[in-house]
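Chemist: What follows is the residue order along each chain.
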Amino acid sequence: MLTARIASAQGNYEIQVYGADTVPPKSLMIELHSNYTVTGQPKVIDGVYPTNHQEHETLELTQGINDWAEVGFYVFTSEQDGHGVQWVGDHIRPRVRAPDRWHLPVGLSLSTEIGYQRAEYSTDTWTWEIRPIIDKTAGRWYLAFNPALERTLHGPDVNQGLGFSPAVKVSYDFTAKISGGFEYYADYGRLGAFDALRQQQQQIFAVTDLNVSPKWEINFGVGLGPTAATDHLIVKGILGRRFDWGKKSAVE
Amino acid sequence: MISRRRFGQLSGFAAGTAILPLPIRAATVPDVTLDIAPYTLEASPSQHFRTVAYNGQIPGPLLRMRQGQEQSIEIRNSSKDPEVVHWHGLFLPSDVDGAMEEGTPMIAPGTQMRMSFRPDPPGFRWFHTHTFAGKDLTKAQYGSLHGFLLIEPRDDPGGYDREVFLALHDWGGHFEGGGDGSMNPVYDVSTINGKMLGFGEPIRVKQGEHVMMHVLNSSPTEIHWVALAGHSFQVVALDGNAVARPQTLAMLRLAPAERVSAVVEMNNPGAWILGDVRKHIQSAGMGAVIEYAGAAGKPIWTQPESLNWSYREFAATEEPGPAADEAARIELVFDAKFEGHGSEEQWRINGKSYPHTDEPKLNAGQRYRLVMKNMSMDDHPIHLHRHTFEIRMVDGSPEMRGPRKDVVLVPAKTTAEVEFVADNPGRTLFHCHQQDHMDRGFMMVFQYAE
Numbered sequence: 001m002l003t004a005r006i007a008s009a010q011g012n013y014e015i016q017v018y019g020a021d022t023v024p025p026k027s028l029m030i031e032l033h034s035n036y037t038v039t040g041q042p043k044v045i046d047g048v049y050p051t052n053h054q055e056h057e058t059l060e061l062t063q064g065i066n067d068w069a070e071v072g073f074y075v076f077t078s079e080q081d082g083h084g085v086q087w088v089g090d091h092i093r094p095r096v097r098a099p100d101r102w103h104l105p106v107g108l109s110l111s112t113e114i115g116y117q118r119a120e121y122s123t124d125t126w127t128w129e130i131r132p133i134i135d136k137t138a139g140r141w142y143l144a145f146n147p148a149l150e151r152t153l154h155g156p157d158v159n160q161g162l163g164f165s166p167a168v169k170v171s172y173d174f175t176a177k178i179s180g181g182f183e184y185y186a187d188y189g190r191l192g193a194f195d196a197l198r199q200q201q202q203q204i205f206a207v208t209d210l211n212v213s214p215k216w217e218i219n220f221g222v223g224l225g226p227t228a229a230t231d232h233l234i235v236k237g238i239l240g241r242r243f244d245w246g247k248k249s250a251v252e
Numbered sequence: 001m002i003s004r005r006r007f008g009q010l011s012g013f014a015a016g017t018a019i020l021p022l023p024i025r026a027a028t029v030p031d032v033t034l035d036i037a038p039y040t041l042e043a044s045p046s047q048h049f050r051t052v053a054y055n056g057q058i059p060g061p062l063l064r065m066r067q068g069q070e071q072s073i074e075i076r077n078s079s080k081d082p083e084v085v086h087w088h089g090l091f092l093p094s095d096v097d098g099a100m101e102e103g104t105p106m107i108a109p110g111t112q113m114r115m116s117f118r119p120d121p122p123g124f125r126w127f128h129t130h131t132f133a134g135k136d137l138t139k140a141q142y143g144s145l146h147g148f149l150l151i152e153p154r155d156d157p158g159g160y161d162r163e164v165f166l167a168l169h170d171w172g173g174h175f176e177g178g179g180d181g182s183m184n185p186v187y188d189v190s191t192i193n194g195k196m197l198g199f200g201e202p203i204r205v206k207q208g209e210h211v212m213m214h215v216l217n218s219s220p221t222e223i224h225w226v227a228l229a230g231h232s233f234q235v236v237a238l239d240g241n242a243v244a245r246p247q248t249l250a251m252l253r254l255a256p257a258e259r260v261s262a263v264v265e266m267n268n269p270g271a272w273i274l275g276d277v278r279k280h281i282q283s284a285g286m287g288a289v290i291e292y293a294g295a296a297g298k299p300i301w302t303q304p305e306s307l308n309w310s311y312r313e314f315a316a317t318e319e320p321g322p323a324a325d326e327a328a329r330i331e332l333v334f335d336a337k338f339e340g341h342g343s344e345e346q347w348r349i350n351g352k353s354y355p356h357t358d359e360p361k362l363n364a365g366q367r368y369r370l371v372m373k374n375m376s377m378d379d380h381p382i383h384l385h386r387h388t389f390e391i392r393m394v395d396g397s398p399e400m401r402g403p404r405k406d407v408v409l410v411p412a413k414t415t416a417e418v419e420f421v422a423d424n425p426g427r428t429l430f431h432c433h434q435q436d437h438m439d440r441g442f443m444m445v446f447q448y449a450e
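As given, the protein sequences belong to chains A and B, one line each in that order.
Each residue of the first sequence is one higher than the one before, starting from 1 at the first, in our numbering.
Each residue of the second sequence is one higher than the one before, starting from 1 at the first, in our numbering.
Just so you know, the hints here were simulated from the structure itself, not pulled from any lab data.
Please note that a few of the clues may not be correct.
One-sided excerpt, in silico: chain A residues whose CB lies under 8 Å from chain B [said to hold, decoys possible]: (1) ARG101; (2) THR125; (3) HIS154; (4) ASP173; (5) TRP245; (6) SER249; (7) ALA250; (8) VAL251.
A quick note: this is a predicted structure, and the numbers were derived from the prediction, not measured.
Ideal Cβ placement from N, Cα and C applies to all residues, glycine included.
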């Protein structure tokens, strides 16, 4: 997920709290993340373009490997007056989850993500993230927690060590097809030496998910960033479609 | 709201208290004794399940009874939970049929009861527990309280050399922890007669034999598809009732509680696998080896590539059935009330969940047509107690004189119509045989008018 520390210098490209499920084998999930910063950073800082009024389109392709593993690939783009449509970078994200036979009372998976982004959009050009994912559905409630750790591999923050960037989602099923709730994203800074509050990234989104079909993912939200280091108002949307490929047999 | 479990405790024990201890009758030796007690199943050396079984075996003992000949049965409950034994497919009075919803008394832990009945109709029946499991996926039908019951007719047409009884079952059920996985149970292990493929004794046959295979799906929730590599099945009866048109088929489909009786001609020497057609189910253990005398080598499996089964193939072609207007129609709509992606649905019949469902009154001697419209996304194996019905229509098929059964699978988003004659007065339970569905309200009771 290209957010958090990168976001401290740039905007948000994929704003999503991960659930523990993985894409099934012989399936490809295609998602388009569309995020628009209504009110963001208006100035050029350290050569990085301002986030204000940036439109980010991120293409995410996730291929199921087996019933407990997947790999995702991202293409980040940005559109802004004066800069046009620009390629920002790419990431790759392998992920594994606890198999069903473990009979865990919660969903559990582990994601790792590595990738490059251009210096015009992030001073840290190579970054790595490891993201544990825990989720639980209980009745109408859904809870997901992603206590992510991030590290810069190339850029000014390369000596900063691990940063802590948790994300949380709480939602409620109003009907079988409509859920609503909140998503929280943060970057507290270096693990063991968190930044002062005003330097931290803090965002909270009111979101809705439309569960129209197992093949479709539709998410929409509006987020507020109350701290000085955060973009103050962002609108986000995710549109995903799962494609099954290969010969499907009733006996499989 | 009174839950099904609470309702059962109230009604069952209230009735049972007066009826349960029968020390006077105990002076005579019963024809059948069933001892319900804890048991550990070894499905394979690495797969053990703590469960409760009849007479320390899985499946329970094979019971053979003569049609119409009175049987006395003693049931001892050595488990820690109240129990009741349902005699599935028999025309019995409500107080011994084996459903607390009909008024059969529960058997309290540590007690025993006697009952007697004259078994009818003839055919392949079975007996099983009829209790509540809820979220404990080791109890009720998730456990191992099931056994074969063969009611031998006064005149057996024969046509086979020997019989083999096979029970399909699933074990280690659980709800998945995260995401949307809580809707239906999933299982770790599947067995035939309590053993995973490769760990049970082979079924030994001789070339030229005609083996009658009585196959029961005792699974709490799962439909199974079964084939015998290198052979075909001549299906002669469904749910124990002879079919109008026996069919020779490559595979059988059995919804929970369904039975198929099929003759297999042993005409292809070797060692073969009889198992679930779907790869992941057979991998979970659902299979058995059929071994010809003198055969050697690894058992062979031939993988079918499609699933084929239709009730319609067994329908009579020439007999015109009773006119549709001879039967009084009872419209039943099945749907579910959404309770969240992390909960199972609350199942409803005509908008109500048991114990709040309607109790339609039947007139003795009247023919009825149950028009079952399944609005849900799940298939439902529907069971009518104490009666046999005739399938008249499934999934948009033309009108037919279909097989006589006591369970019919009504696929998702389809309508099925069956007819029966109300000829066995007493409270009569009607329900989905999926344990998790009946636990969540998918039941209703028919009454008879006075």
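Chemist: Now look at each hint and say whether the structure bears it out.
Modeler: Against the structure, the hints:
1. ARG101: Holds, because the Cβ-Cβ distance from A/ARG101 to chain B comes to roughly 6 Å (cut-off 8 Å).
2. THR125: Violated, about 34 Å.
3. HIS154: At 35 Å from the nearest chain B Cβ, A/HIS154 fails the 8 Å test, so the hint is violated.
4. ASP173: holds, 5 Å
5. TRP245: Check failed: Cβ of A/TRP245 comes no nearer than 18 Å to chain B, outside 8 Å.
6. SER249: This interface hint holds because 6 Å falls under the 8 Å limit.
7. ALA250: This hint holds: A/ALA250 lies near chain B, its Cβ roughly 5 Å from the closest one there, short of 8 Å.
8. VAL251: holds, 5 Å
When held up to the earlier numbered hints, the structure conflicts with 2, 3 and 5 and fits the remainder.
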